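Chains S and E, in that order, give the protein sequences.
Quick note on this note's numbering: the first sequence kicks off at 1 and runs consecutively.
Quick note on this note's numbering: the second sequence kicks off at 1 and runs consecutively.
Possibly wrong hints are sitting among the right ones.
To be verified - Computed footprint of chain E on chain S, listed as stretches where at least three residues anywhere in the stretch have a Cβ under 8 Å from a Cβ of chain E:
(1) 60 to 66
(2) 160 to 166
What the hints assert, rightly or not - Partial list, derived from the structure: chain E residues whose beta carbon lies under 10 Å from chain S:
(3) L15
(4) C106
(5) P119
(6) W124
(7) L127
(8) M128
(9) L134
(10) Q143
(11) M145
(12) A166
(13) L247
(14) L263
(15) K282
(16) L284
If you're looking for bench data, these hints aren't it; they were derived computationally from the structure.
Remember, it's a predicted structure, so these values are computed and weren't measured experimentally.
For each residue, glycine too, the CB sits at the ideal point set by N, CA and C.
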Amino acid sequence: MSVAQDAGTKAGRAPPRARRGIGAALSALFGRAGGAEAPTAGRSRLVGYLFLSPWLVGFVCLTAGPIVASMYFSLTDFNLFSKPVFVGFSNYHRLLFEDPRYRTALGVTLTYVFTSVPLKLTFALLVAMLLNRALAGIGVYRAIYYLPSLLGGSVAVAVMWRKIFAYDGVVNDVLLWFGVDGPSWISNPDYALSTIVMLAVWQFGSPAMIFLAGLKQIPRELYDAASIDGAGAWQQFWRVTLPLLTPIILFNLVMQMIGAFQAFTPSFVISNGTGGPDDSTLFYTLYLYEEGFSHFRMGYASAMAWVLVGIIGTATAVTFITSRYWVHYGDQ
Amino acid sequence: MATSDDDRVNLPATLAETGRIVLRSLAPHLILIAGALLMIYPLIWLFSSSFKSPAEIFSGNGLLPSRIQFDNYVTGWQGTAVSFGRFMTNSLVISVLAVIGNTFACSVVAFAFARLDFPLKKLWFALMMGTIMLPHHATLIPQYMLFFNLGWLNTFLPLVVPKFLAVDAFFIFLMIQFIRGIPRELDEAALVDGASMALIYAKIIFPLMRPALVATAIFTFIWTYEDFLSPLVYLTEISLYTVPQGLRLMMSTTGQGSWGPLLAMSFVSLIPLFVIFLFFQKRLIDGIATSGLKG
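With the rest of the complex left out, here is chain E (with noise of 0.2 Å):
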C-alpha cells in the first residue's frame, strides 16, 4: 500500500487521474452548499418576499422584488388597534426577565445541591431530576387555575414568576455538574477566612460558572422569546400580546391581500435571534453538542 502511493506522488498525474481527485474533494462541498441552499432559501423567500408589493408575492415571478418598498414594514409595524412594536417590547421584557430568574435561581439552587449538605438532600435531588422529562401538559390546568385564583390573568407573572422559582431544572443540572468541576480548595480557602456561603457562591463559585450561566441565558431566552403556549393561555388583553400571538392576530385577521406586513412582522421577529445567532454561534453549537440542550 505504501508503495503505491509513493508511485502515485511520483508519476505525473494524468489529466483524467487529476481531475477524479479534485471532483473527490470537491464532492461533499457540492452536496453539502446544495444542502445549505435548500435549508435556507425559505428564510432568504421570506426576506426577498418582505420587500415586495402585496400583488408581486404571490406572482411567482422570480426571488428578487422588481422595486425595493418598504411599505410592508411601515403597515406591519402600525399594526391595527397596537403597533408591532408593544409586541416586542412585551415579549423582550419577559424573555429578560426570564433570562434574570433562571440564572439566579438555577445558580443558587445548583450550588446548594453541589456544595452544602443538608436533610433529604438526595429525595429532593432525586425529585429534581425526575421533574426534568416531566411534560409541562401535566401541570398545566392546576397552574393555570392557581394563577387564575390569584388573580395572574393578564399580566407577565405567571410566565416570569416560575423562572424565579427554578422550575427548569435541566438548567439546575447543567450547573450542579459545572459547580463540580470547580476545585473545592478554593471555597475551603476562603472557609477558612471565615467567609459565609453566601458570601463563596457569590463571590466564587458565581463567577467562575459564567459558562454555565451564559448557555442557561441563551436558552432561556430563545425557548421564552418563541413560546407560543404559555402567552396564548395567561394573556388575552392585544396590549399585552408577545410577538408570538401579535404574528398569530395578524395572521388570522388580515385577509389575503395583506401578507407582506405579516411577512416584514415576521422577518422583524426573527431578528433578535439571528442577533444571538451571530454571537453566541459557536457557544450554542457546543452547548447542544455537549450537554445534549435541544436547539
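Here chain S stands alone, though its shape is the one from the complex (with noise of 0.2 Å):
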C-alpha cells in the first residue's frame, strides 16, 4: 500500500480539499498516513499504536502481567490479605504428591474429558452424516439439534438437568414404565459424573454443524468413483468419508477437549457448588475456585492453574503429534 501511495505522492497529485469539521479534527489528532504530503514516520507509528492501544493495555495489564504474577504466586504462600511468603515448589510437591482430593478432582476430570469428548464426536458425526442430503425441511432439523449447544451452558439448563435427574424426575418416570427403579441420578457417586457427561453430550449440535460443512466440501465424484469400483455404503464411509474429514474430526477434537478440560458451570450447578455427593463431581476448576476463593489458598489455586495449563497443553500437544498418522489432507 505504502509503496503504491508514496508512487502517487511523488508523482505530484493535487493537493487534497481543505477538510472541514470531524474529518478535520480526526486528522489533527491522527495525522494524515497518505496525501499530498508523505506521512513522516513518527506519524505513522502513532497513528498504528493508537488503533493498538486497546489491546496493548488490555495485553500488558490483563495478560502478560498476571501471568508473571501467577507464576510468582504459584511459589508462594498467599491469602489475598498478608504479603506472599515465597515456599519455592512446595505447592506443586503438595498438589502432585500429597493431596488426595487434588487427585480426585483430576481424574473425576478427566474421566469426564476421556468420555464426553469421543460420545459427543460420535454423535455430532452421526447426526451431520443423516444431515448431509437433500432433505426438506433441513434448516428445522439443524436448528432443533443446534438449540442445546446454545443454551446448553447456561445455568438454567443446569437446573433444569438436576431435576430431570433428580429421584422424583423424568428420567426415572420414563424407566418406571419399563418397570425399573432408577436411582437417584444426582445423589448417588455412582452416577453423578455421568449426569454431567450427558449434559455435554446432549451439546454435540455445534460440531455437528462444523462437520456437516465439512461433509459438504468431500466432492460427490469420489463418491461416484468408488461406487463404480463397487464399494458399499459402509465401504465409502470407512475410505471417502472417514479420511477426508480428518481434519475437522481433529479441529473439533482439540476445541472440544481444550473446553472440556476446563468445565466449571455443570459440575458447580449439579452438586450446588460442593463436588459431591462424595467428591464424585469434583471438577478441577471446581477445585481451584474452591482453593482460591473459598479458602484464599490464592498460591495453591495459582499453582494448579498452571499445571492445568500444562496439561491442556500436553493434550493439545499429543493430538497434534498423533495427528501426522490419522489426519489426511486432501493433497497427499
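Can you join these two chains into the complex? Each is in its own frame, and there are hints to help.
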C-alpha cells in the first residue's frame, strides 16, 4: 500500500481539499497517513499504536502481567490479605504428591474429558451424516439439533438437568414404565458424573454443524468413483468420508477437549457447589475455585492453574503430534 | 447400470417396491424426528413444568399441567430479597456493555493489524494469537487481585472493562480475516482524497465489516449472558447478581417444595437466548460452521 501511495504522491497529485469538521479534527489528531505530504515515520507509527492501544493496554495489564504474577504466586503462600511468602515448589509438591482431593479432582476431570468428548463427537458425526443429504425441512432439523449447544452453558439448563435426573425426575418416570426403579442419579456417587457427561453430549449440535460443513466439501465424484469400484455404503464411509473428514475431526477434537478440561458451570450447579456426592463431581476448575476463592489459598490455586495449563498444552500437543499418523490432507 | 435404471422407471412398480422406496426416503426423517424430539424434550418439560403446581411437578402425571397456573412466575419474579427482574437487568446491562466493548475495541485493533504498519507488528500479532488458546484460569487470580486493589469488586467494571481492552483475541482474529477481504482500493482512494486513517476506519472499514461485527456481537452477548464464573468471583452483593447467580441463589435457598418458581425463572432466563436464536439462527450456525466458533 505505502509503496503505491508514495509513488502516487511523488507523481505530484493535486493537494487535497481543505477538510472541515470531524474529518479535520480527526486528521489533526492522528495525522494523515497518506495524501499530498508523505507521512513522517513518527506519525504513522503513532497512528498504528493508537489503534493498537486498547489491546496493548489489555495485553500488558490483563494477560502478560497476570501471567508473570500468577507464576510467582504459585511459588508462594498467599491469602490475598497478607504479603506472599516465597515457598519454592512446595505448592506443586503438595499438589502432585500429598493432596488426595486434588488427585480425585484430576481423575474426575480426565474421566469427564475422555468420555464426553468421544461420545459428543460420535453423535455429532452421525447426525451430520444424516443431515448431509437433500432433505425437506433441513433448516428445522439443523436449528433443533443446534439449540442445546446454544443454551447448554447456562445455569438454567444445569438446573433443569438436575431436576430431570433427580430421584423423582423425568428419567426415572420413564424408567418406571419399563418396570425399572431408577436410582437418584444426582445424589449417587456412581452416577452423578454420568449425568454431567450426558449434559455435555446433549450439546453435540455445534460440532455437528462443523462436521456438516466439512461433509459438504467432499466432492460427489469421489463417492461415484467408489461406487463404480463396487464399494458399498459402509466401505464408502470408511474409505472416503472418514479419511477426508480427519482434518475437521482433529479441529473438533482439539476444541472440545480444551473446553472440556475447563468445564465448570455444570459441576458447580448440579452438585450445588460442593463437587459432591462424595467428591464424585469435583471438577478440576471447581476445586481450583474452592481453594482460591472460598479458602483464599491463592498460591495453591495458582499452582493448580499452571498445572492445568500444562495438562491442556500437553494434551493438545500430543493430539497434534499423533495427527500426523491419522489426519489426511487432500493433497497427500 | 443405466439400462436397469431405465427398466425400473418403465415398469409399473409393485406395491412392495413402492413401499421400499417410500421407506427408504422416510427412514432418515424418522430417525431425525425421533432424535429431535429427544433433544428438545428437556426444554419442553421445563416449559410445561413451569405452569404446574409444586405438588404436580414431581407427581409423574404426564407432561401437560392439569391446570395452567402462573403462580410460579409471580412468586419467582418477586424473589425473596431481590426481584428476579433485578438480576435480568444486571445481566442485560453487563451483556450489552460487553457487546459494545468487544465490537468497538476488537474492530479498532483488527484495523491496526490488517491495514496499518508499525514497529514490532509481527511480534504483537504472534502474542495476540498466543492468547487465544490460553485458559482463563492462568490469569484469573492476578486479575482478581488487580480488581480487588482497584476497589472494583462488587461493581460491573471487572466484567466490562476487559471487553473494552479487546481481551477476546479470537474476535480480533476473525475481524482481521474479514478486513483482509475488503479491497484495499477503497482505502487507497480515500487516502488520495486526503482522509485520515481514523476516517477510513470509521467511514469505510467499520460499515463494511458488518457481518463480522454481528457475529462478534451475538457470541459476545451469549457468552457474557451465560457466564457464571466471573460474576461468581467478582459480585457478592445480591443486588448486583446476574441471572446465573440469581438462579443459583434460588436453587440453594429454596427447599424441595419450591422448585416451581425456580423452573419458571430458569425458563424466563432462557428467553433472551431464544430471541437471539430466532432472529440470528442462520447466521449463528453459519458462523460456527465456517469459523469454528464454539457454540
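Comparing the hints with the structure gives:
1. Counting residues of the region 60 to 66 of chain S whose beta carbon lies closer than 8 Å to any beta carbon of chain E gives 6, which reaches the threshold of three, so the coverage claim holds.
2. With a cut-off of 8 Å between beta carbons, the region 160 to 166 of chain S has 6 residues touching chain E; three or more are needed, and the interface restraint holds.
3. Nearest Cβ of chain S to the Cβ of L15/E: about 24 Å, over the 10 Å cut. The hint is violated.
4. Because the smallest distance between the Cβ of C106/E and any Cβ of chain S comes to about 8 Å, under 10 Å, the interface hint for this residue holds.
5. This hint holds: P119/E has a C-beta 6 Å from the nearest C-beta of chain S, less than the 10 Å allowed.
6. Interface restraint check: W124/E against chain S, minimum CB-CB distance 7 Å, threshold 10 Å, status holds.
7. For L127/E, the shortest C-beta to C-beta distance to chain S is roughly 7 Å, which falls under 10 Å, so the interface hint holds.
8. Against a cut-off of 10 Å between C-beta atoms, the interface hint on M128/E holds, since the closest Cβ of chain S lies about 7 Å away.
9. A least Cβ separation of about 7 Å between L134/E and chain S falls short of the 10 Å threshold, and the interface hint therefore holds.
10. The criterion of a C-beta within 10 Å of any C-beta in chain S is met by Q143/E, whose closest approach is roughly 5 Å, and the hint holds.
11. Restraint check, M145/E versus chain S: the minimum CB separation of about 7 Å is within 10 Å; hint holds.
12. Hint status for A166/E: holds, given a least beta-carbon distance of 4 Å to chain S, under 10 Å.
13. The closest approach between the C-beta of L247/E and any C-beta of chain S is roughly 5 Å, which is under the 10 Å cut-off, so the hint is satisfied.
14. Against a cut-off of 10 Å between C-beta atoms, the interface hint on L263/E holds, since the closest Cβ of chain S lies about 7 Å away.
15. Interface restraint check: K282/E against chain S, minimum CB-CB distance 8 Å, threshold 10 Å, status holds.
16. For L284/E, the interface hint holds, since its Cβ comes within 10 Å of a Cβ in chain S; the closest pair sits about 7 Å apart.
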